[in-house]
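J.: Sequences and hints are given; from them, build the entire structure.
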Amino acid sequence: MHYSPILSPQPMHVPDGFLSVLVSLVFWALSVFVIGIALRKTNQSLGEREVPLMGVLAAAIFAGQMLNFTVTGGTSGHLLGAAIAVILLGPWPAILVMTSVVSVQALLFQDGGILALGANIFNMAILGVAVSYAVYSLLSRLFKRQSWGLFAAGFGAAWSSIFVASLALALQLSLSGTSPANIAVPAMGAIHALIGIGEGLITTGALAFLYAARRDLLKRGEARPAGNRGLLVGGVLAALVLAVLSPLASSNPDGLEWVAEQNGFLETARSAFFNIIPDYSLPGISNPALATIAAGILGVVIVFSMTYAIARADKRTPAQESMQR
Amino acid sequence: MQELYAHSHSGIHRLDARVKVIFTLAFVLFLSLAPARAWPAYILFLSLVLSAAVLSRLGIGFVQKRALLALPFALAALPLIFTGPPPTVLLPVFPGLQLSYSPDGLGRFASIALKSWISVQAAILLAATTRFPDLLFALQQLRVPKIFVAIVGLMWRYLFVISEEVLRLLRARASRSASLPGARRAGGSVAWRARVTGGMAGSLFLRSLERSDRVYSAMLSRGYNGELPAAESTPLAPADRRALALGVILLTFLWLLSLLTGG
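Residue numbers (the numbering used here), protein chains in the order written: chain D, 1 to 325; chain A, 1 to 263.
Simulated from the structure, these hints should not be mistaken for lab results. Just to be clear, a hint being listed does not mean it is correct.
Claimed, not checked - Simulated coverage check for chain D against chain A, where a stretch passes if three residues somewhere in it have a Cβ under 8 Å from a Cβ of chain A:
1) 51-57
2) 63-70
3) 92-102
4) 112-124
5) 175-182
6) 191-204
7) 210-218
C-beta atoms are modelled at their ideal positions from N, C-alpha and C, and glycine is treated no differently.
T.: What follows is the structure, encoded as structure tokens:
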């Protein structure tokens, strides 16, 4: 009984090291700003009952990500939950719930990095919720008459939350200079267009169940005109901007490369200034490949000896402690 | 679902959680700030994290097993090897087949993979040496909003209960989904299977909503008035302060070294 992200891959959680510091910090700032608004709105509109409700539902969404079904050949579809959180709680509390889920995944299970947590929250909790909310309320208004309108809206919300979040992730990766846009955007987009279908189908199934069992619960996520309009517009805008920007970026990677280069500009400037050891190789070995291998071995020896020395130093302390007692 | 926290009496376990949170953040930040190809600095960062693994008595194996998690994501940076900046080098794979790769891109890919691997180990050490309530309390003292800490705290408290509920749901489905040996796969189409899973998810959310009602009335009966009682926050002990300052100075030195050697 364990949590195994390797068996149910979630390529949406960026670990540390893949995003540049600038990108990470910008998305931390954006996320903190939006979470601040969400906290204020939730405080205004919801009673004291909501803290246990949001906490328990966050746990259910986290645990519900273990629910999966086999698609074919060892791949499986599973739930991420932004859309269902929006439908059950409404958009602002859903942002808080999804932020808790993503944060606990990073802090407790190392699914996603710490410095990259801002970007992960932005993609999955903020963008995912805003886009789900926008798509859900627009589609359910559009198909108000049809009996299947609710389910189509749920499917659309779930699918687009995954897809748009993955486009945002691809753009962040290419802005960081980690992955060129003309590869990252189509690859991420294609994988998540498929993952999104699984998400959409499960969300629709869950909606069908809740519709049959407790129709009253599905009222909350419906568009409440005041207060949520900003999020609705934001969700639509974000989806549109990303949908337009990503193909542009991928067909024209030079633009993003340019931005990445500007990011990397500081780095190159620094390295030119500090370039005291021009080539990293051991003196006395003329063959560069051999020198690199030797340097690698030396590195390993340094790591092991330092670790060993510290471990030896530590072994002495418990004995000393017990003597002191 | 299992917590990573492993109890032990090491000095690292005893450190104030705030020190560990700030130090881990600083560690990851400085490592990310290090330029590409700063191999000597990476080695020292790695030794630091491995030493902490040994000092905390968790052992290097424990940390490495968890650290495999970040590995699949390295795929995202893999194209760098081939699309990196020129000059590109032709690498003969088979006679007649040559692969062109950019050594600069290879260096950047290796740097990203190494940094990510080292950062994950730091995050693992934080989670494995700090009890989650302590971690939450530290976050609250570091000015994370109270409501948010309360939500995450409640989530953590019910996470393990609800994940067992999920396992029961999965077991129930498995026990009803037997198929005859030799027969083609039982069950319906993919859409049908997804619908079944969706029904499971729906019933899980319904049960959780009902559980949250019970939790709320239990909290009310113990005098809950919308605010969780705040624990007393204490200033950092001088020894913890010194440890933190020393750690951050060390990280700064490592970062300066990375500026000298990388690029």
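J.: Each hint: holds or not?
T.: Tested hints:
1. With 7 residues bearing a CB less than 8 Å from a CB of chain A, the segment 51-57 of chain D meets the requirement of three and the coverage assertion stands.
2. Using a Cβ-Cβ cut-off of 8 Å, 7 residues of the segment 63-70 of chain D lie near chain A, which meets the minimum of three, so the contact claim holds.
3. Beta-carbon proximity to chain A at under 8 Å applies to 5 residues in the segment 92-102 of chain D; the threshold of 3 is reached and the given coverage holds.
4. Counting residues of the segment 112-124 of chain D whose C-beta lies closer than 8 Å to any C-beta of chain A gives 3; at least three are required, and the coverage claim holds.
5. Beta-carbon proximity to chain A at under 8 Å applies to 4 residues in the segment 175-182 of chain D; the threshold of 3 is reached and the given coverage holds.
6. Counting residues of the segment 191-204 of chain D whose C-beta sits closer than 8 Å to any C-beta of chain A gives 5, which meets the bar of three, so the coverage hint holds.
7. Against chain A, the segment 210-218 of chain D contributes 4 residues with a C-beta closer than 8 Å to a partner C-beta. That satisfies the three-residue criterion, and the hint holds.
In terms of the numbered hints stated before, the structure departs from none.
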